[in-house]
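Novice: Model the full structure from these sequences, guided by the hints.
Protein chains: 2
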Amino acid sequence: MPNSRSNGGKELDMKQSWILFLAAALGLSAADDLKKPLVLASQGSFFVGGESKSYTTPSPNPQAPAITGDITINQMYVQFQTPVGGERHTPVVMVHGCCLSSKTWETTPDGRIGWNEYFVRKGRPTYLADQVSRARSGFDGAKINAVRSGAVPPSQLPNVLTASHQTAWSVFRFGPKFGQAFPDGQFPIEAVDELYKQMIPDLNSLLPSPNPTWTNMAALAVKLHGAVLIGHSESGFFPEQAALIDPSGVKGIVSIEMPCATNLTASQLSTLAKIPTLVMFGDHLGDVQGGIANWMTSFESCNTFVKQVAGAGGDAQMMYLPKMGIKGNSHMLMQDRNNLQLADLILEWIDKRVEAKKTSRK
Amino acid sequence: MPNSRSNGGKELDMKQSWILFLAAALGLSAADDLKKPLVLASQGSFFVGGESKSYTTPSPNPQAPAITGDITINQMYVQFQTPVGGERHTPVVMVHGCCLSSKTWETTPDGRIGWNEYFVRKGRPTYLADQVSRARSGFDGAKINAVRSGAVPPSQLPNVLTASHQTAWSVFRFGPKFGQAFPDGQFPIEAVDELYKQMIPDLNSLLPSPNPTWTNMAALAVKLHGAVLIGHSESGFFPEQAALIDPSGVKGIVSIEMPCATNLTASQLSTLAKIPTLVMFGDHLGDVQGGIANWMTSFESCNTFVKQVAGAGGDAQMMYLPKMGIKGNSHMLMQDRNNLQLADLILEWIDKRVEAKKTSRK
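Sequence order for the protein chains is X and U.
Those letters in the first sequence? Residues 16 to 377, by our numbering.
Those letters in the second sequence? Residues 16 to 377, by our numbering.
Derived by calculation from the structure, the hints in this document are not laboratory data.
Glycine included, every Cβ here is placed at the ideal spot set by N, Cα and C.
Treat the hints loosely; a few may be bogus.
[As the list claims (entries may be wrong)] Okay, the calculated beta carbon distance ranges per label pair:
| no. | chain 1 | residue 1 | chain 2 | residue 2 | range |
| --- | --- | --- | --- | --- | --- |
| 1 | X | Gly-165 | U | Asn-318 | 21 to 31 angstroms |
| 2 | U | Asn-309 | X | Leu-360 | 50 to 60 angstroms |
| 3 | X | Lys-50 | U | Thr-312 | 25 to 35 angstroms |
| 4 | U | Glu-102 | X | Asp-208 | 20 to 30 angstroms |
| 5 | X | Gly-340 | U | Gly-100 | 36 to 46 angstroms |
| 6 | U | Lys-322 | X | Val-237 | 54 to 64 angstroms |
| 7 | X | Ser-67 | U | Asp-199 | 21 to 31 angstroms |
| 8 | U | Asn-353 | X | Lys-50 | 32 to 42 angstroms |
| 9 | U | Gln-195 | X | Val-167 | 52 to 62 angstroms |
| 10 | X | Ser-69 | U | Asp-302 | 26 to 36 angstroms |
[What the hints assert, rightly or not] Computed from the model, here is a short list of chain U residues facing chain X with C-beta under 7 angstroms:
| no. | residue |
| --- | --- |
| 11 | Val-54 |
| 12 | Ile-86 |
| 13 | Thr-87 |
| 14 | Val-99 |
| 15 | Lys-118 |
| 16 | Arg-151 |
| 17 | Val-162 |
| 18 | Arg-163 |
| 19 | Leu-172 |
| 20 | Val-175 |
| 21 | Phe-197 |
Specialist: What follows is the structure in structure tokens.
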């Protein structure tokens, strides 16, 4: 894989096998104790996509000519970890939602293990991508400077989506109204201030169409020789969008809490029907007063979407947690107190619906 | 440590000791082969600092009143890894430079191991911080939206520092002019396009004074019960700035390629003189045609600074690589082909000047 360190997992030598054997003999293999050392075959970071763009900036001296050069835009930053033996599993790619970064999947606001490390401990090569125009992927700052210099009017500035604490409380369904939590809520509300620190400006309004994150996710799946794509909220339907651009690397789709498209063509549904798909929704979808999100409508759209994919011969499943007896989950369910129980549901789904099929085809 | 996973390294039990012993017996302990598995006691991410700010945004409906809420600003995102046995060493904090993120310290543009993982493999608890207003730390988007709504004039927009490929080539000293590399250059110039993808807009012009990154670095050092702070370029003098705010946690300072302050008061120099300080500069400081950086001037200012600290009784050292027979290093020396040789110089300096002193004091 270019621009990343080689996967040592594929070069397991006898010594490493011995270590694994001995670790198992000493009772360290099950890794149910999450405080035990984490053993990685490799880790690193790289970019997917990106293109050069000519860029003109006013000179610091108003009498001097403008300075012209090239910048790179639309690249997607990806950070990964591969456990020893990870080549036995399909890689998993996680993409965060609005006003957030890959921090979403890491240490929870109250300091527990995040899905990123948990998936690695469960043997999965795990990739975290910062959306294009966010965090370490950067954004195209040219338009802001063009307005600053007077070359274009302020109306051409991007809408910098800045979600407030109050918006987060309602959209993320922490309680019926700001400052009041659901009694059975799973979000670690005592640490909500740490979640607020994760919330950063969203500049997706700067992006061209199709969203380069979709294209880059499809390219990443190809580069990995197959991957399960996980999206959440703003990015919840990105795995499907990536597959509609190029399905060849997309071996499974996990879509968590978002509006679903229900107007796909028969050809598009046929493409998606070839990929096992899991949709997951938490609790209290209709229990928040006011707010800008309508989760019941999103939920219904996804129920329709799941039926449409199934109708096209696909393996699509709605996992509506309250119906399974799992109560109180917020929109930020990967950070909820029962986050590892939910991760286990996804891991089991990958084992049965993605990897078992791959094996049975051999 | 709040908001991060507990340090399993302090809870080494017999089983883990056995694993380490067996790994050593099988020849895996020296870790000179960087492809061997990486064993971590813990990893995670958290924020330092951050404060609430009331924020007003125009309603999507022009007839409706503006929406008011709170956002969090000035927080600093930190990602860390602790090796097994890491409690034997002083933690190391790395902070990136202008128009870059913590990606600086990770996998190099040509896919080799970065300083972050190398320091961990050398036993150091290693912390990467995204500067406040950059990458996963986010930025205060309120002013951009205020201009967009017409509430304030475009002149109040931040200067979005967007470094072009051409600027990078000269400032980072890849060669005498754009597209032409130094024959003895250490930067992996064949992979320069991957470096360009790391370059993201710099919004430090939005920051209050003192820069919250300085305050947060000082607070992080306290939180870690002592740390070596490493800065580079824009952040090269940040360790000193952090120590001038609160020196209590700063056990060592590594400043790489930046202008140094030479007008510090006797009181300030006295504070810094209590902290071992290493300054490092690469090659070809005066060999680039044009460009906005004057590296010879920066180098001279740091020579003066080192003398001033030494004059105040401090242990300050200038490591000018060409004088040591190490030729061809660029400004991005942590990504250069000989990056691990340079890391070893820093590790050895920490052992002798920071940790040996700590031990001898006991």
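Novice: Compare the structure with each hint and give your call.
Specialist: Structure-based check of all given hints:
1. Checking the proposed 21 to 31 angstroms range against Gly-165(X) and Asn-318(U) shows it is violated: the Cβ atoms sit about 42 angstroms from each other.
2. With their beta carbons about 58 angstroms apart, Asn-309(U) and Leu-360(X) fall inside the hinted range of 50 to 60 angstroms.
3. Here the CB-CB span from Lys-50(X) to Thr-312(U) is close to 51 angstroms, at odds with the stated 25 to 35 angstroms.
4. Distance hint check: the CB atoms of Glu-102(U) and Asp-208(X) are about 29 angstroms apart, consistent with the given range 20 to 30 angstroms.
5. Between Gly-340(X) and Gly-100(U) the beta carbons are some 43 angstroms apart, a value that agrees with the proposed interval 36 to 46 angstroms.
6. The supplied range of 54 to 64 angstroms is met by Lys-322(U) and Val-237(X), whose beta-carbon atoms lie about 56 angstroms from each other.
7. Distance hint check: the CB atoms of Ser-67(X) and Asp-199(U) are about 28 angstroms apart, consistent with the given range 21 to 31 angstroms.
8. Between Asn-353(U) and Lys-50(X) the beta carbons are some 37 angstroms apart, a value that agrees with the proposed interval 32 to 42 angstroms.
9. About 35 angstroms separates the C-beta atoms of Gln-195(U) and Val-167(X), a value inconsistent with the hinted range of 52 to 62 angstroms.
10. For the hinted restraint 26 to 36 angstroms between Ser-69(X) and Asp-302(U), the CB-CB distance of approximately 27 angstroms keeps it satisfied.
11. The closest approach between the C-beta of Val-54(U) and any C-beta of chain X is roughly 5 angstroms, which is under the 7 angstroms cut-off, so the hint is satisfied.
12. At its closest, the beta carbon of Ile-86(U) sits 6 angstroms from a beta carbon of chain X; the interface hint therefore holds under the 7 angstroms criterion.
13. Taking 7 angstroms as the C-beta cut-off, the interface hint given for Thr-87(U) holds, the closest approach to chain X being about 4 angstroms.
14. The interface hint given for Val-99(U) holds, since its Cβ lies 5 angstroms from the closest Cβ of chain X, which is under the 7 angstroms cut-off.
15. Using the Cβ-Cβ criterion of 7 angstroms, the hint placing Lys-118(U) at the interface with chain X is satisfied: the shortest such distance is roughly 6 angstroms.
16. At a threshold of 7 angstroms, the smallest CB-CB gap from Arg-151(U) to chain X is about 4 angstroms, leaving the interface hint in force.
17. About 5 angstroms separates the beta-carbon of Val-162(U) from the nearest beta-carbon of chain X, less than 7 angstroms, and the hint is met.
18. A least Cβ separation of about 4 angstroms between Arg-163(U) and chain X falls short of the 7 angstroms threshold, and the interface hint therefore holds.
19. Proximity of Leu-172(U) to chain X holds as hinted, the smallest CB-CB distance being about 4 angstroms (cut-off 7 angstroms).
20. Annotation: interface hint on Val-175(U) holds; nearest CB of chain X at approximately 4 angstroms, less than 7 angstroms.
21. Here the hint on Phe-197(U) is broken, as its CB sits about 20 angstroms from the closest CB of chain X, past 7 angstroms.
Hint violations for this structure: numbers 1, 3, 9, 21, all remaining hints satisfied.
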